[in-house]
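Work out the full structure: start from the sequences and follow the hints.
Going down the list, the sequences are from chains R and X. By the count of the working numbering, the first sequence reaches residue 339 at its end, each step adding exactly one. By the count of the working numbering, the second sequence reaches residue 409 at its end, each step adding exactly one.
Hints were generated in silico from the structure; no laboratory data involved. Just to be clear, a hint being listed does not mean it is correct.
Calculated cross-link-like contacts (lysine to aspartate or glutamate; reagent style DMTMM-like; alpha-carbon spacing at most 25 Å) [what the hints assert, rightly or not]:
#: 1; chain 1: X; residue 1: Lys-216; chain 2: R; residue 2: Glu-242
#: 2; chain 1: R; residue 1: Lys-226; chain 2: X; residue 2: Asp-312
#: 3; chain 1: X; residue 1: Lys-136; chain 2: R; residue 2: Glu-242
#: 4; chain 1: X; residue 1: Lys-136; chain 2: R; residue 2: Glu-59
#: 5; chain 1: X; residue 1: Lys-143; chain 2: R; residue 2: Glu-242
#: 6; chain 1: X; residue 1: Lys-143; chain 2: R; residue 2: Asp-227
#: 7; chain 1: X; residue 1: Lys-256; chain 2: R; residue 2: Asp-302
#: 8; chain 1: R; residue 1: Lys-122; chain 2: X; residue 2: Glu-137
#: 9; chain 1: R; residue 1: Lys-122; chain 2: X; residue 2: Asp-154
Here the structure is a predicted model, which means the values were calculated and not measured.
Residue-level listing of the chains:
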Amino acid sequence: MKIFNKYQNLLIFGIFGFFIIFFTFEFAVATDQNNDELIKTAINLIKMDKVDEAIPILEEVLKTEPNNLNVIKNLAVAYTDSKMCDKAINLYDKILNGLKPNAAEILYGKAVCFNDLGLPEKTLLTLDQIDKKYSNENSILITKANANVLLREFYEAEKYYKIVLEKDPNSKSANLNMLLLSHHLKDQKMAEKYLVKILGDEPKRTSSACAASGCMGIIPFLFPVKDSENFQITAQIQIRDESNMLIAIIETDKINYTPHPIMNKILANYDVIETIQNDLGVFEVRKIVEKTEPRINSYFMDRVEFFYNDYSVLFGYNLAIPLKSGDYITTEWIIQKKI
Amino acid sequence: MYDLSKSKNYLTFLISIFSLVVIGITLVSTLFPALIISNFGIHSNNLQIFEIGNNALIVLLCNVIIITFGILYYKNKLPIQLQIFISKIIGKQISRKLTIIIICIILLPYVIFTTPELFIDEALQAPDYEIFLDAKEIFPFGKTTFTEATEQNDRYVRMILLISSLEIFQNVKIIPFLGSIALLITTYFLTKEITKNRLAGIISLLVLIQSYTFLKYDSFAMYENFWVLFYVLSLYLIFKNFYTSSISYALSIFTKAFTAIFLPLSIVFIFYSNLKTKTKVVFVISYGVMFAIIITIWTLDASVYDNILRFDLSQLLVGLTKTSYQIRFDLLFLVSILPLTFALIIKAKNGFHIASSILFLITGSIFAGAIVEMLSEHFVILPYRFVPTIVFFAVGVGVLFNHKKDEKL
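This is the structure in structure tokens:
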């Protein structure tokens with residue numbers, strides 16, 4: 001009893017000390033376990049393309065583990081995917097400046113971001129820092145090619161895409177980029193080749209976002225007719241109200257078409273109305289007339305389209321007329337095809 | 001002094017002819033939509049050139065009524081009580097306090113009824129929003145092969161204002177809507193300054209606020225009115241603080257390069273103003289310096305504008321016909337633009353010279369669109385580009401309310 005009294009303070013101190021150490025350890029373990037679970041959740045979300053949901057989770061984990069390489073890396077990738085490249089580059093730099101200097105995948109991520117920010121010179125400088133043994137990787141070659149596209153060094157870009165296609169002829173990214181390149185090079189034979197490769201012989205709408213205007217120039221499935229040697233197309237649009245009264249006649253030669261061979265198949269369904277000869281050669285003239293009720297949008301009608309298999313094959317733009325419910329349009333396409 | 005007055009009269013004559021031609025083509029295209037396009041179009045056709053347009057009857061009828069009424073008023077042939085009543089109305093002055101109350105009564109419902117539009121997702125409304133987002137990613141100095149995004153980024157002031165709206169309010173529409181409200185107020189002040197009549201300012205405010213085109217695009221971020229606001233403000237500042245006028249004009253051009261074509265309109269406006277000749281010369285010099293700076297910036301920034309020029313004279317006429325259908329729902333404009341043109345010509349002839357410059361602003365802003373069609377394959381006339389025309393039309397209507405005892409109309 002005396003002994004107990006003598007060592008009572010020590011005992012109490014010991015018991016408290018034990019509990020403090022125990023709970024601190026348990027808390028640390030629990031935090032670690034909790035963070036591990038959060039990281040796993042975030043990575044799964046990224047895999048499921050739910051990057052926007054993953055970002056706040058990773059940001060939260062980063063507060064408690066500011067030097068966790070796995071978290072920083074995944075967050076940087078998530079930022080890159082969400083077009084938040086300013087934030088991503090800060091994280092890439094944090095890794096490169098201490099945690100993992102000269103890491104190839106980090107330099108690659110940073111280079112991709114520079115392309116997204118429209119800074120191709122920095123992309124190429126960053127890619128130059130990557131170890132030579134990785135320099136022939138497809139992803140790096142494509143990023144390098146994309147930077148050259150931004151610099152309008154189109155033939156240099158083509159060189160890199162072709163290296164990728166030699167190694168992997170079905171590379172989706174390289175094929176799409178070659179299609180994009182054909183747009184810049186105004187090379188419609190090249191466009192035809194890659195359109196067939198990407199879309200097959202019977203193209204169909206691949207996604208609603210890309211149907212109308214060929215992804216607004218990002219992935220050009222449609223090409224300007226004015227760059228074509230084989231086609232001359234104009235469109236005339238009559239707009240009438242529900243009482244059949246004429247509202248306007250609009251014409252456009254700002255027309256995109258598909259250089260895909262499907263165009264010939266479509267035209268075979270229409271009679272040749274005349275054959276003409278001019279300085280550019282001999283042309284068969286066909287007329288396609290279509291009456292439609294345009295979709296009333298919030299701004300104004302600015303386009304007409306002609307679909308085949310739900311795939312936009314003709315796209316006339318820069319029209320601009322405000323419409324109201326009941327208005328309808330009759331579009332007359334006159335297509336001259338070189339023979 | 002005599003020479004200046006003579007040259008003002010000569011210029012008024014030229015502006016009158018020019019305006020009647022521009023308005024004439026617009027109205028002919030309203031009456032017969034196929035007439036001009038069938039002769040000057042690019043598409044072979046067998047159109048019925050004299051087929052009547054859907055707005056033709058109402059435009060014709062209203063023009064006959066308004067012009068007949070105007071002639072009767074001008075010739076003092078209206079019943080005497082009506083004649084006196086009209087004269088009283090157009091010459092009426094109202095107090096500052098009453099003006100503020102009326103403006104609040106006009107603006108409050110406008111703001112309340114428009115506010116719900118601010119919560120409509122811009123991405124669902126305008127495909128151009130995607131282009132804006134792409135441009136925002138690389139703004140201000142990033143490179144892209146996407147011409148539309150490059151063109152957006154060349155509009156520095158617009159980009160800064162839209163990005164600010166997104167960053168500050170998490171809503172890209174808020175600052176554009178504030179810009180539209182500011183445009184209404186500036187229109188009031190410009191008219192009031194020209195006419196020295198608050199009622200005229202209120203009339204112009206009402207004419208603008210009833211416009212379909214203005215109301216359609218007042219809360220759109222992609223079709224914002226900043227460029228119109230800065231341009232109209234530059235005209236107002238000619239009277240108030242001429243040092244800042246060219247700055248406001250420069251802001252307008254950096255919001256939308258289209259207003260660069262408005263330079264002759266501004267110069268004519270300065271020419272007809274009551275400023276001293278020396279001040280007018282300083283003005284023109286300041287505008288010259290401003291344009292030199294803008295061209296230098298575009299050149300240094302490798303702007304898209306110098307790459308998309310062409311020359312196609314036939315597009316000038318076709319471009320002019322577009323007014324008739326692009327503002328087809330602005331019926332007040334269509335039915336009264338010809339009578340207003342006559343009224344402004346008469347007013348200018350009777351000594352109120354600035355009416356000529358207002359007329360030139362109206363018809364010049366229509367013609368500017370056709371010039372763009374002629375010079376560029378990339379840029380075309382779009383309905384929201386008629387907002388300045390509607391603003392000047394509103395000012396023009398307001399100007400009729402500047403009544404002096406010795407002046408008819």
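Task: Straight-line alpha-carbon gap Lys-143 of chain X to Asp-227 of chain R, limit 25 Å - done: holds (24 Å)
Open item on the list: Need the status of pair Lys-226 of chain R, Asp-312 of chain X: alpha-carbon distance at most 25 Å?
Closed with: holds (16 Å)
- [ ] Quickly compare the C-alpha distance for Lys-256 of chain X and Asp-302 of chain R to 25 Å and report which way the hint goes.
- [x] Since the Cα atoms of Lys-256 of chain X and Asp-302 of chain R sit roughly 20 Å apart, the hinted pair holds (cutoff 25 Å).
Task: Agreement of Lys-136 of chain X and Glu-59 of chain R with the hint, judged by alpha carbon distance not exceeding 25 Å - done: holds (24 Å)
Task: Satisfaction of hint between Asp-154 of chain X and Lys-122 of chain R, Cα-Cα up to 25 Å - done: holds (22 Å)
Open item on the list: Run the distance test for Lys-216 of chain X versus Glu-242 of chain R: straight-line Cα separation, threshold 25 Å.
Closed with: Roughly 22 Å separates the two Cα atoms, so the pair holds.
Open item on the list: Just to be careful, I want the Cα atoms of Lys-122 of chain R and Glu-137 of chain X compared with a cutoff of 25 Å; is the pair within it?
Closed with: With a Cα-Cα distance of about 16 Å, the restraint between Lys-122 of chain R and Glu-137 of chain X holds, given a limit of 25 Å.
Task: Agreement of Lys-143 of chain X and Glu-242 of chain R with the hint, judged by alpha carbon distance not exceeding 25 Å - done: violated (47 Å)
Open item on the list: Hint check: Lys-136 of chain X vs Glu-242 of chain R, CA-CA at most 25 Å. Holds or violated?
Closed with: violated (41 Å)
Hint compliance for this structure: hints 3, 5 are broken, all remaining hints hold.
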